[in-house]
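With the hints as your guide, set chain B onto chain A.
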Amino acid sequence: MHDSDSWRTWQAFAADAGRGHPSVLDPIREAAEHFDAAARRYLEETAAASQGTAAGAGTAARTFSHFLREQAARLWPPPWGFATVADGPPTGSPREPPAEPPAVGVTREHQQRVHRSAAAAQRMADAQSRLQWLWFDTLATAADAFSARIAGVAGATTTEPPTLRRLYDTWIDCAEAAYAETVHGEAFCTALADFVNASSAWRAEAAAGLELTAKIWDLPTRSELDSLNRRLAAIERQVRAGQPSAKRTRPARRGPRRPQP
Amino acid sequence: MSAPDLPAALAAASGCTPGCSPREVIWQSGKMRLYRYRPLPDSGSRSAGVPLLIVYALVNRPSMMDLQPDRSLIRGLLDEGVDVYLIDWGYPDGADRLITLSDYLDDLLNGCVDQILRRRRMPSLNLLGVCQGGVFSLCYAALNPTRVRNLVTMVTPVDFHTPRDLLSKWVRKIDVPAWVAGGNVSGHALNQLFLSLMPFRLAHQKYMDLYLSTPDQHAVDTFMRVEHWIFDSPDQAGAAFQEFVIGLYQENRLIRNQFAIGERTVDLRAIEVPVLNLIGAKDHLVPREASLALLRAIGSKDYTAREFGLGHIGMYISARAQQEVPAAIAQWLARR
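Sequences listed follow chains A and B, in order. This note's numbering puts the first residue of the first sequence at 36, with every later residue one more than the last. This note's numbering puts the first residue of the second sequence at 280, with every later residue one more than the last.
Simulated from the structure, these hints should not be mistaken for laboratory data. For glycine and all other residues, C-beta sits at the position ideal for the given N, C-alpha and C. Some hints here could point you the wrong way.
[As the list claims (entries may be wrong)] Here are the in silico distance ranges between beta carbons for each label pair:
1) B:Thr544 - A:Glu221: 23 to 33 Å
2) A:Glu221 - B:Tyr490: 36 to 46 Å
3) B:His591 - A:Thr198: 51 to 61 Å
4) B:Asn470 - A:Glu221: 23 to 33 Å
The following block holds chain A by itself, in its conformation from the complex (with noise of 0.2 Å):
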């Protein structure tokens, strides 16, 4: 798997570089070893399965997978800063937000707006960790089908075109199954709901915000130009209400075409 030699010299390293700022690369040092101890199980698992003295090549691969998936979850956190992943998959309750403080004082309203900010993008990073969890599970799947698709299958080891093409075309088939399958189920779509509620709700309080600092300059503001939209549109409706539907002709005129990138 690694070189122990270079294992022991990044380990000697780490420990010093780290002695100044040991918060700079403990994170690092923390995931390196967590890694190493994940493969050299894998390793020693397979290798006694090989030996017919443990479970089975298969369990010592889901456990690797299953610490894969999670230090994979761990590796986007969102830029808002909260973190995605509990101990274990996602049981589908989101966290309790953070407890808010007492609003007072003249900034009282943008207090209150950064709190419900806050709280919504902490239910985005909880949803986006369920459908990470399910992504991961639903790759999972898929790899797992197309591994029994092919088993047995004469020439499923060689390059020749025709066979890529095929074992490609499988894979597609597999993915698509498995995707299929999570995408159709109550988790995900409460999830993906979950997800686009939260970021309906923070675009809201950002959109109050800047709408405030656009007041604040005396620019025009999204409010007013609905306001003044709502008085045209319901105008030319009364207008057209009272035309006779044979003589609802409007005058030809081109309409904007669409903005080129």
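Chain B alone, transformed into the frame defined by chain A:
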């Protein structure tokens, strides 16, 4: 064509855009245009029959109906002597965010029907509704029964809560007013949503198939026209989008005769004109059960369903569709 020649072929095809049959604008209102397709030279007096108005969806562009000369449902209808009209809804912008379904149907669609009936001096016309346009056509026919002579629906959902309807499941718990937030819904976002229905096939295998099939330039041109259409998605007017998603995808009101257009409720049982329902048996966007539900919903005694072993887009542009669908429509209309 060998694989190394493919990049050059794709570059040569980058300017290919859908749309090939000559047409003229006969009415405009805002961003909407009503087109009439010029009859083919040899169609003679056949095009003097009852006009056919094609009502396409708001999502995506109607150019898919007329992709290129050998992949054009409209060209096929013109070949059969049908007098073809088409509504192009245009590209909504921020000023259109308050447009409602009533504006689309009672004002724009009804205005198009007015124009055609006045131009042809006829009391009623034939409607061909495609996908969401089929829903609009059903609503219009139910609310204006005297203005529709025959109704054709194509890959049109009627029951939005069938087990295989993935879009319906996804949006069921979404707070749509908060999502739309009074604005338009991005066409790019909808593109991503549709690709997410079958991501491995639509975002990967499709391109591998092109690469491995060693296509000729014509096949590459066709591919690029379809690509152009797929990603040419208009934004959706927020108010109309909200009505459609909540009323249909979430609450499934159409099949229960509870869907409202403006202040009027659509009762599909009021549709008593002949109906031809074209269904794609392999449609992943509109499951066949969602379309087949039309039979039990309408009041018409002259109902015909035709299923084709095609997907949603295949119903418009596949070689088999070119051979079968226009003729099926024209022959059915000719007998009525």
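List of violated hint numbers, smallest to largest
3
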